[in-house]
Every structure is written in structure tokens, then in C-alpha cells.
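2 protein chains.
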Amino acid sequence: MTKKELIECHSRVKPYIHNTPVLTSRLINKRIGADVFFKCENFQKAGAYKIRGATNAIMQLTDTQKQNGVVTHSSGNFAQALSLAARSLNVNAYIIMPSNSPQVKKNAVLEYGGEVIECEPTIDARQKTADDIANKTGAKFIHPSNNPKVILGQGTAGLELLLEQPNLDYIFCPIGGGGLIAGTALASTYFSNKCKVIGGEPYEADDAYRSLISGKIETNVTANTIADGLRTQLGSYNFPIIQEYVTRIIRVTENEIIQAMQFIWERMKIIIEPSSAVAFAALEKEKESFKNQSIGVIISGGNVDVNQLPF
Amino acid sequence: MTKKELIECHSRVKPYIHNTPVLTSRLINKRIGADVFFKCENFQKAGAYKIRGATNAIMQLTDTQKQNGVVTHSSGNFAQALSLAARSLNVNAYIIMPSNSPQVKKNAVLEYGGEVIECEPTIDARQKTADDIANKTGAKFIHPSNNPKVILGQGTAGLELLLEQPNLDYIFCPIGGGGLIAGTALASTYFSNKCKVIGGEPYEADDAYRSLISGKIETNVTANTIADGLRTQLGSYNFPIIQEYVTRIIRVTENEIIQAMQFIWERMKIIIEPSSAVAFAALEKEKESFKNQSIGVIISGGNVDVNQLPF
Numbered sequence: 061m062t063k064k065e066l067i068e069c070h071s072r073v074k075p076y077i078h079n080t081p082v083l084t085s086r087l088i089n090k091r092i093g094a095d096v097f098f099k100c101e102n103f104q105k106a107g108a109y110k111i112r113g114a115t116n117a118i119m120q121l122t123d124t125q126k127q128n129g130v131v132t133h134s135s136g137n138f139a140q141a142l143s144l145a146a147r148s149l150n151v152n153a154y155i156i157m158p159s160n161s162p163q164v165k166k167n168a169v170l171e172y173g174g175e176v177i178e179c180e181p182t183i184d185a186r187q188k189t190a191d192d193i194a195n196k197t198g199a200k201f202i203h204p205s206n207n208p209k210v211i212l213g214q215g216t217a218g219l220e221l222l223l224e225q226p227n228l229d230y231i232f233c234p235i236g237g238g239g240l241i242a243g244t245a246l247a248s249t250y251f252s253n254k255c256k257v258i259g260g261e262p263y264e265a266d267d268a269y270r271s272l273i274s275g276k277i278e279t280n281v282t283a284n285t286i287a288d289g290l291r292t293q294l295g296s297y298n299f300p301i302i303q304e305y306v307t308r309i310i311r312v313t314e315n316e317i318i319q320a321m322q323f324i325w326e327r328m329k330i331i332i333e334p335s336s337a338v339a340f341a342a343l344e345k346e347k348e349s350f351k352n353q354s355i356g357v358i359i360s361g362g363n364v365d366v367n368q369l370p371f
Numbered sequence: 061m062t063k064k065e066l067i068e069c070h071s072r073v074k075p076y077i078h079n080t081p082v083l084t085s086r087l088i089n090k091r092i093g094a095d096v097f098f099k100c101e102n103f104q105k106a107g108a109y110k111i112r113g114a115t116n117a118i119m120q121l122t123d124t125q126k127q128n129g130v131v132t133h134s135s136g137n138f139a140q141a142l143s144l145a146a147r148s149l150n151v152n153a154y155i156i157m158p159s160n161s162p163q164v165k166k167n168a169v170l171e172y173g174g175e176v177i178e179c180e181p182t183i184d185a186r187q188k189t190a191d192d193i194a195n196k197t198g199a200k201f202i203h204p205s206n207n208p209k210v211i212l213g214q215g216t217a218g219l220e221l222l223l224e225q226p227n228l229d230y231i232f233c234p235i236g237g238g239g240l241i242a243g244t245a246l247a248s249t250y251f252s253n254k255c256k257v258i259g260g261e262p263y264e265a266d267d268a269y270r271s272l273i274s275g276k277i278e279t280n281v282t283a284n285t286i287a288d289g290l291r292t293q294l295g296s297y298n299f300p301i302i303q304e305y306v307t308r309i310i311r312v313t314e315n316e317i318i319q320a321m322q323f324i325w326e327r328m329k330i331i332i333e334p335s336s337a338v339a340f341a342a343l344e345k346e347k348e349s350f351k352n353q354s355i356g357v358i359i360s361g362g363n364v365d366v367n368q369l370p371f
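Residue numbers (the working numbering), protein chains in the order written: chain A, 61 to 371; chain B, 61 to 371.
Hints are computed from structural coordinates only; laboratory data are not their basis.
Just so it is clear, the structure is predicted and the values come from calculations on it, not from any experiment.
Take these hints with a grain of salt, some might be off.
What the hints assert, rightly or not - Computed footprint of chain A on chain B; a stretch qualifies when at least three of its residues, placed anywhere within it, have a C-beta under 8 Å from a C-beta of chain A:
(1) 261-272
(2) 314-327
(3) 357-369
As the list claims (entries may be wrong) - With a Cα cut of at most 27 Å, we get these calculated DSSO-like pairs of lysine-lysine:
(4) B/LYS90 with B/LYS74
(5) B/LYS64 with A/LYS90
(6) B/LYS256 with A/LYS166
(7) B/LYS254 with B/LYS166
(8) A/LYS254 with A/LYS90
(9) B/LYS254 with B/LYS63
(10) B/LYS63 with B/LYS90
(11) B/LYS196 with A/LYS90
(12) A/LYS74 with B/LYS64
(13) B/LYS200 with B/LYS256
(14) A/LYS166 with A/LYS126
(15) B/LYS256 with B/LYS166
For every residue, glycine included, the Cβ atom is placed at its ideal position computed from N, Cα and C.
Hey, can you work out the whole structure from these sequences and the hints?
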């Protein structure tokens, strides 16, 4: 995953994604005591940054592979992103979803042209079902985060942010599987000589935080966080990149996540999902350490069920 | 209120307001069957277009008048806007609010530096209290909508929209007191040779709709609409402008307002208040009449209590 590969990846996916806006708020700058630049992937196609990695992964398949389609397991943003990216590229997408996924999430996948395949709600069942579909259809399995092409694709958000704001001192990112932060860390390493990348992670799913301390990939026994996008397991491709290039991980409580989310909604008038609020909550929690700095925050997505809000 | 005066007004207020972004959504264009351009005054200072008229009105006071301050009655967006505009211009603002206004609204005014004066929750009491304050302090009364300088200021939103999208066929606007739509209609008349202005109004507060039919200002006996910004009475300065320059008013039900609001939240990931949703609801209701047209929609504000949502 070289600088050249990241640049090529960006050229490749650019026609299929939005270069999302970077928003600022004087009120928030005042509150944090720093200049904060929000890279708004909530305005991205399918409502989250995930379309970047999904598009990059599909575009690099051979023609034969494309004919056979792609398969993933996700009940979240990657399911929608892969479905939409596949449709844009005339490829079939098979999405393995736990049978207990909310109908609204299944509908979103269907709306974007994905084919939903249900499985038992266990980690083993979803991988086995994905393998079965891959064997049966020849579809290529694309992991939502633990895949170098996906990581590179997700890095294009940070790349665009740094092209627009080259003087950033820090970029804050949420950590779930680690695809977004690993890609962001690569972008920051290649496109800035000073910008440090900091992760935000819920206490309730702090596998990455604990992994950095122990030096090996830790798992979450439970992941009882409102930040549903961050419940997933840190991946083996992502972890070494995070170890090498991510400066620090700041953990936040559920209450801090909810408050940060409400604050952004009320003050910036934009809808962000709880996972996105984690990055801002991390910054806010430790704002004294970042006074007068220039800080990017990646708002990873805006897919929220507005009928079920935590406030 | 000539073209020259509108241009001068825009130059005057420009340093004190945001030139808010114009957003589009392919999904919404597809749903409506037209090109829709949302002028996002929800991203305006104090969360609504009202700061435009408030700023213009204060800036045209004499120095002596400025020393004595300004007074208005409002429990909504104009209260916050006048407070903030006054603070930016080093003027005192006295805001008359009904004693039963939610504390959150009083706090918002206080936060922007306004002085809250409570009155009995009747129309007579609020005007009398405003008159008392004006007599006591010498403060100049500025009506939230029925004031030529306020109308002209509100017109700068439509002016900016037309400068960015000069080929609009229509602009949709909510109607409450009529300041925004009257200003927009003037902007459209002066800066386009084809753009028509259409109002959206709740059935539950359709005084403007009925006034256009009867040819005289009608009143709302009740105004039981979720679109709290539109409960106010159509004004005497605004009505003749609306009569002359507004093409049509489309009325919408409470359910249509709520659905339009939720749709914009979910699909555009922006927070808009119910009054803003009225304009889009009107467009959606009659979309068959606007196929393939180029349509501006003024999103008037984003001040919503996220703890009390209708969905």
C-alpha cells in the first residue's frame, strides 16, 4: 500500500464517489479551542465512507471475477456500500445478513440492488454462509474492513481532507474494524509531514486500544455500544498499520458519544451516526491537549434510524 | 424596496452573515423528477435566515437609535437572530417572550446576548410589553417580519441562490409572517426574468392562502401546526408584495410536513425544522406540475428540539 497505489486508487474511485465537503463551525472551534475541520462522509453516497473501499475493491477484480459478483457479510454501512458500488459497476452483490437484522437495513440493501442472504446471527454462521455463496456462485468475498484494497479506498477520505487542508496537525477517526483509520494513517503519512492520526473508540468495544497495549490483536467479548459501526473486530491487515502509524487511541463512554452526537446535530445541523460522534467525543474529552491546533475529524457516516434516537 | 436597495442591503449585511451552501441530491432529483437546489439557511448563523433581516434593520438605525437598542417580540428564530445581530453590532436587544416559552428558547436568546423580558402569553400583552420597553429605554421596535428593512434582508437568501443558480424556474418558500417569501419574490423579480416564487403553507395556518383568495389579510383563528415558525400572522407590508409577485400558494397537511422533514433528514443528512419542510412538502405534493424544471427550495432553518421529534 504505497503512496503511488493510494493516488491511483483515488483516481480510480473518484468518478464513483462524492468529494464530500469539509465543514467548520466557529462555535465548535471556540468550544474546543482549536480549528476543527469536519470531513463529512455522512454526505457520501449511501451515507458513509464505506463506498470508497467497496468501489476500489470491486474495480480491481478481473472481468471474470466481476461476472461472478461479490459477496460480503455486513448488516451495516458496508452492506449498502457494496450493493451500491456493485450496481454502479454492473456487478452482482450478495450480502450475508443475520436473520435478526432490522428489516429497514435489509430494505436499504435491496434498494441499492444487493441480494440479501440471511444466516443465523453468529460469527461462524455468517462466514460459513459467505463461503458457501462464494463456492456456489464464484463470487469474490470482500471483507468490510480487513482487506488491503478496502483500506486503501477508505484512505481516500483522509487524502481529500489533506488536499483541502494540508496544514492539519491531527486527524481524528473512529475505530471499528480499523479500515478507515488504517487508510487515514497511510494518507496522513504520505501526504503530510506532520499530521498525526488519533483514534476514537468506545470503552465498550476497545479491542484496538487493548491491542495497541498488548501488541497483539485483542477481541471484544461483548460490544455493547451505541456506536454500531464500531462493534466489529480489529483486523489483521489493519492492526500493523495502526501500530505503526496511529499516535494514540482515546476511549469514550456511551454518554460521551451520545452527548457529542447531540451537540453536532444541534450546532452543525447535520445528521451524524453514533460511530462518527466517537471521533469528536474523543477530541472533546482531551481538548486541553489540542489547544490551537488544526484538527481534522472524519465524520464517517450519517445512517441513523431517526425513529430510535438516544436523546 | 428597489433592486438597488436590495443590492445595497446585501453588501451591507454580507460581512455579518454566511453565504450558505446550496445542496443537491440526485436521489431527491429522481424522486421529484426535477433539478432541486436547496438553499441551506439551516446552516446560517443562529440556525435560520432571520439574521439577514435583523442585521439589515439594525444597521440602518442612526447612531443614537443604536445606543438605545432594539426590541422585538418573538419566541422563535427572530429572537435569537436579533440578539446575535445586535451583539455583533454592539447594540442592546430586548426580547419580549411569552412567560410560557420553553426555557431552552429563553436560554438560546440569553446565549446570544439578548435580554429576555417575559409577558403574558397573549398577542395584546406582547405588543404592550414591547411598547412599554420601547418607551422606557428608547429602544427601536423591530417586527420579526412586517418591516420593509427586514423583508429586504430576508430577500438576500433568494438573491444569493439566484446568483449561484441563475436559471431557476421556481423558488419554493415557506410562508409565516411573509417576510421571507416577500423578500424572495423581490429578489426573483429583480434577478431573474423567468423565476416564479411559490409558497408552502400549512393547512392549519393558511392565512396567506386565504388572503390571496379574498384579497384582504385574513387571520388564523388557531394555528395548530408543527411548523412553529409559520404560526404568525401575515403582515401588511408583506401581503401586497405577495399579491403582486407570488405565483401560487400550495397548502400541506401536518402529515405531509412531518414526512417531508423525515425524508430530508434521512436522505440529505441535514437537520431542518418543520417550517422548512413545508416548502419541500409543497413541491413534493405537486411534483407532477414541476417535471424537469429547475427548482430552488429555501430551507429556512434548522432549529429543532431533538428531544421532541414528531417521528
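The hints, checked one at a time:
Closer than 8 Å: that is the beta-carbon criterion, and the segment 261-272 of chain B has 0 residues meeting it against chain A, so the requirement of 3 is violated. Requiring three or more residues with a Cβ within less than 8 Å of a Cβ of chain A, the coverage given for the segment 314-327 of chain B holds, as 3 such residues are present. Using a Cβ-Cβ cut-off of 8 Å, 4 residues of the segment 357-369 of chain B lie near chain A, which meets the minimum of three, so the contact claim holds. A hinted pair counts as satisfied when its Cα atoms are at most 27 Å apart, and B/LYS90 with B/LYS74 does not qualify at roughly 34 Å.
A threshold of 27 Å between alpha carbons decides the hint, and for B/LYS64 with A/LYS90 the separation of about 37 Å lies outside it, so the pair is violated. Restraint check: the Cα-Cα separation between B/LYS256 and A/LYS166 comes to about 41 Å, which exceeds 27 Å; the hinted pair is violated. Between B/LYS254 and B/LYS166 the CA atoms are separated by roughly 42 Å; this puts the pair beyond 27 Å, and the hint is violated. With a CA separation close to 24 Å, the supplied pair A/LYS254 and A/LYS90 stays within the 27 Å bound.
Taking the CA atoms of B/LYS254 and B/LYS63, the gap is near 16 Å; set against the 27 Å cutoff, the hint holds. For the hint linking B/LYS63 to B/LYS90, the alpha-carbon distance of about 35 Å lies beyond 27 Å, and the restraint is violated. Straight-line distance between C-alpha atoms of B/LYS196 and A/LYS90 comes to about 36 Å, which puts the hinted pair past the 27 Å bound. The suggested pairing of A/LYS74 with B/LYS64 is violated, with an alpha-carbon distance near 43 Å, which exceeds 27 Å.
A hinted pair counts as satisfied when its Cα atoms are at most 27 Å apart, and B/LYS200 with B/LYS256 does not qualify at roughly 35 Å. For the given pair, A/LYS166 sits about 23 Å from A/LYS126 by alpha-carbon distance, which is consistent with the 27 Å threshold. For the proposed pair B/LYS256 and B/LYS166, the alpha carbon gap of about 37 Å is over 27 Å, so the pair is violated.
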